[in-house]
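With these hints in hand, go ahead and build the complete structure from the sequences.
Listed here are the chains, written in short residue letters.
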Amino acid sequence: MSEYFKLLYNELFKIYVRKSTWAMYAVLTLLIIAPAVLILSFDDMQKEYTDNWREELQKENEEYQKDMAEMEESPGDFVEEYNSQTIAKNNYYLENDIKPLNYGAWTFTLENAGLVSVVSLLTIIIGAGIISNEYRWGTIKLLLIRPISRTKILLSKLTSVFLFALCTMIFLFLISLLTGAIFFGFEGMNPYYVVQTAEGFEHVRIVNEIFSEYGYKVVNLVMMTTLAFMISTIFKNSSLAIGIGIFLLLGGNMVVGIFSQYEWAKYILFANIDLKQYETGNVWIEGMTLGFSITMLMIYFVVFVVLSWLVFNKRDVAGH
Amino acid sequence: MSQIALELKDVQKTINKKEIIKGVSLTVRQGEVYGFIGPNGAGKTTTIRMIVGLMKPTGGDIKILGKSIQHDYKEAAQNVGAIVENPELYPFMTGMQNLKHFARMYQGITRERIEEVVSLVGLEKAIHTKVRKYSLGMRQRLGIAQAILHKPKVLILDEPTNGLDPAGMREVREYIRRLADEEQVAVVISSHLLSEIELICDRIGIIKHGEIITERYVNEDDSDAVEKKIKVVIDVNEPEDAMNVLKSMEVDVVQEGKQLIVQLQREEIPPVVKTLVEHHISIYGVTGIKATLEEQFLELTGGNVIE
Ligand SMILES: Nc1ncnc2c1ncn2[C@@H]1O[C@H](COP(=O)(O)OP(=O)(O)OP(=O)(O)O)[C@@H](O)[C@H]1O
Ligand SMILES: [Mg+2]
Chain S
1 MSEYFKLLYN ELFKIYVRKS TWAMYAVLTL LIIAPAVLIL SFDDMQKEYT
51 DNWREELQKE NEEYQKDMAE MEESPGDFVE EYNSQTIAKN NYYLENDIKP
101 LNYGAWTFTL ENAGLVSVVS LLTIIIGAGI ISNEYRWGTI KLLLIRPISR
151 TKILLSKLTS VFLFALCTMI FLFLISLLTG AIFFGFEGMN PYYVVQTAEG
201 FEHVRIVNEI FSEYGYKVVN LVMMTTLAFM ISTIFKNSSL AIGIGIFLLL
251 GGNMVVGIFS QYEWAKYILF ANIDLKQYET GNVWIEGMTL GFSITMLMIY
301 FVVFVVLSWL VFNKRDVAGH
Chain X
1 MSQIALELKD VQKTINKKEI IKGVSLTVRQ GEVYGFIGPN GAGKTTTIRM
51 IVGLMKPTGG DIKILGKSIQ HDYKEAAQNV GAIVENPELY PFMTGMQNLK
101 HFARMYQGIT RERIEEVVSL VGLEKAIHTK VRKYSLGMRQ RLGIAQAILH
151 KPKVLILDEP TNGLDPAGMR EVREYIRRLA DEEQVAVVIS SHLLSEIELI
201 CDRIGIIKHG EIITERYVNE DDSDAVEKKI KVVIDVNEPE DAMNVLKSME
251 VDVVQEGKQL IVQLQREEIP PVVKTLVEHH ISIYGVTGIK ATLEEQFLEL
301 TGGNVIE
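Chains as they are written, first to last, in this note's numbering: chain S, 1 to 320; chain X, 1 to 307.
What the hints contain is simulated information worked out from the structure, not anything from laboratory work.
Be aware that a few hints might be false.
As the list claims (entries may be wrong) - Derived pair list, reagent style EDC-like, types lysine to aspartate or glutamate, alpha-carbon separation capped at 20 Å: (1) X/K247 <-> X/E268; (2) X/K22 <-> X/E215; (3) X/K56 <-> S/D316; (4) X/K258 <-> X/E240; (5) X/K22 <-> S/E3; (6) X/K63 <-> S/D316; (7) S/K152 <-> X/E75; (8) X/K74 <-> S/D316; (9) S/K236 <-> X/E88; (10) X/K18 <-> S/D316; (11) S/K314 <-> X/E240; (12) S/K99 <-> S/E202; (13) X/K151 <-> X/D165; (14) S/K276 <-> S/E213; (15) X/K100 <-> S/E3.
As structure tokens, then:
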């Protein structure tokens, strides 16, 4: 076991000793702080409710209704939907006598769930390089002549890619929370928050919401990283793997869209990646269940890993 | 005789239907330095890749201390250290970080051992510099350091002196000799530099077109030279007188300044010298020149032509 830890240490060391990795973290930090600065400069994006919040909410609702009445002639679907949703939400606050949560570190962190895609992108880059770089540097020869099976080396590499993802997720979470606290203040240790679900509005802990938002996106991270890892292991080419990985990370939904009229579309990986569809009740293809999707995801994951393993174990290490 | 450390039995490798290695068999004993010579493309690196487990042979077997590299990979690889082709290490890490990285892939390599190896290859000053900034010779030294870190019983070096300066070459040569003599390590060295090989090896094998065409002990050629004429250089002060004496003895002789180059059989040397002395010619030196390995090599391989 300690042998495996030493391998993990080696792999993580090689990831974190390089300046390009730290450049990634710098970019991620910038992507967290820049929106905070923007939000701060647009005052009205962070509503502050005082003790008089009941009247403030009612006034807000009236304004929204006036807005919608004025726009009757040229109805913008998006604006109308947003307004009526906000009104409904405000009414929920009033009916249940809940004071809305002011904007702060937790809300900011929740909004940063979108940045999980950036973490996915960085992880794909790391995952696509972790084997092909050894070929590019020529160090694969020195790595594979040790008394350690290729299987173990492959697994330690895949594991360390996921450890990198974990560290980066924690980094995203902590820096978001810190930036949010500095720019907007702290809402308290474990505040509640109102969310919209399939059954209407619900009052939940914001921390749970953050974990589920981040969590749903991690599924895509894991699947696309494993796919990129497999492609780069098979083709010894990181650019190809990064390209395909990122394209499918962002455009996987499209693939499902194209084939959605067919019954077999539910077996496509990308139809199963968004597990949030089962929470919102907005299931893509009829007949799909959470259990089905999780099974499909596990099958795909195992296939990716087994294919990488077969190729990596069998292959002769010859010239570049 | 000491124990067999490395054994190749009829090893074959076919890539894309092309036979690259056509049944190579060889054994290297503990404490023996084996030179692996051949022209470009002969199959040296391919054979070495199979010995260290980077490539799988399509036929035959390779054993390290009796353990098959294919069937008992872990036990076999435990006892092998190697440089394969260029010494490529992680350029963004220091020499020390590279060594520690590889040390972590074995059990029980201490800090002291790493430092010992660093001073053995003479890299103390540069060990905390990034490998990116190393010269070829420095990388070669680091390559040797990582190969011997775990005290392997079989050391495989593919062109280890490539890029080293004369002093560096001598150090490596002495170090390899010491490993073989004192720690009974079996060493396989491939090289184009035949003069290098001749100086460190106990035995050489010449490979061409994926076959070992001859194998011999380095100081063996004296015995089969009994029939052959050897070049002998005789240093004298009165070359003309000596020429006359030698011509009267009907030997093959050429004059080069004050040196006479004579083609003689081994037993003919003492009578020739005796005759010269009897004719009052002062002799300052008699040197026999062996045909160098280089010449034999070219003779055997038909020149350095890649076919
Ligand atoms: N991966 C490969 N695929 C196909 N042929 C190969 C491969 N690797 C080597 N060869 C061929 O095998 C032969 C032997 O190559 P090898 O590298 O073993 O030669 P070498 O003796 O090490 O030569 P050099 O002195 O130039 O280093 C060459 O003809 C080469 O073209
Ligand atoms: Mg070679």
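> Would the pair X/K258 and X/E240 pass a check requiring their Cα atoms to be no farther apart than 20 Å?
Replying inline: Satisfied, since the Cα-Cα distance of roughly 9 Å is no more than 20 Å.
> When you check the alpha-carbon spacing of X/K247 and X/E268, does it fall within 20 Å?
Replying inline: 14 Å, holds
> Given the hint that X/K63 pairs with S/D316, does the C-alpha gap stay at or below 20 Å?
Replying inline: 18 Å, holds
> Would the pair X/K56 and S/D316 pass a check requiring their Cα atoms to be no farther apart than 20 Å?
Replying inline: Between X/K56 and S/D316 the Cα gap is close to 7 Å, so the pair holds against 20 Å.
>> Checking one constraint from the list: CA of S/K152 to CA of X/E75, max 20 Å. Satisfied?
In response: 16 Å, holds
> Hey, S/K276 versus S/E213, does the alpha-carbon distance stay inside 20 Å?
Replying inline: It holds: about 9 Å lies between the C-alpha atoms, which stays within 20 Å.
> Given the hinted pair X/K22 and S/E3, is their alpha-carbon gap at most 20 Å?
Replying inline: 38 Å, violated
>> So if I understand the rule, the pair passes when the alpha-carbon distance is 20 Å or less; does X/K22 with X/E215 pass?
In response: Holds. X/K22 to X/E215 sits at ~16 Å (cutoff 20 Å).
> Taking 20 Å as the top limit, are the C-alpha atoms of S/K99 and S/E202 close enough?
Replying inline: 14 Å, holds
> Is X/K74 close enough to S/D316, meaning Cα to Cα at most 20 Å?
Replying inline: Between X/K74 and S/D316 the Cα gap is close to 17 Å, so the pair holds against 20 Å.
> X/K100 and S/E3: Cα distance at most 20 Å?
Replying inline: 14 Å, holds
>> What's the verdict on X/K151 and X/D165, does the C-alpha distance respect the 20 Å limit or exceed it?
In response: The given pair, whose Cα atoms are some 25 Å apart, is violated under the 20 Å limit.
The structure fails hints 5, 11 and 13 (numbered hints given earlier, in ascending order).
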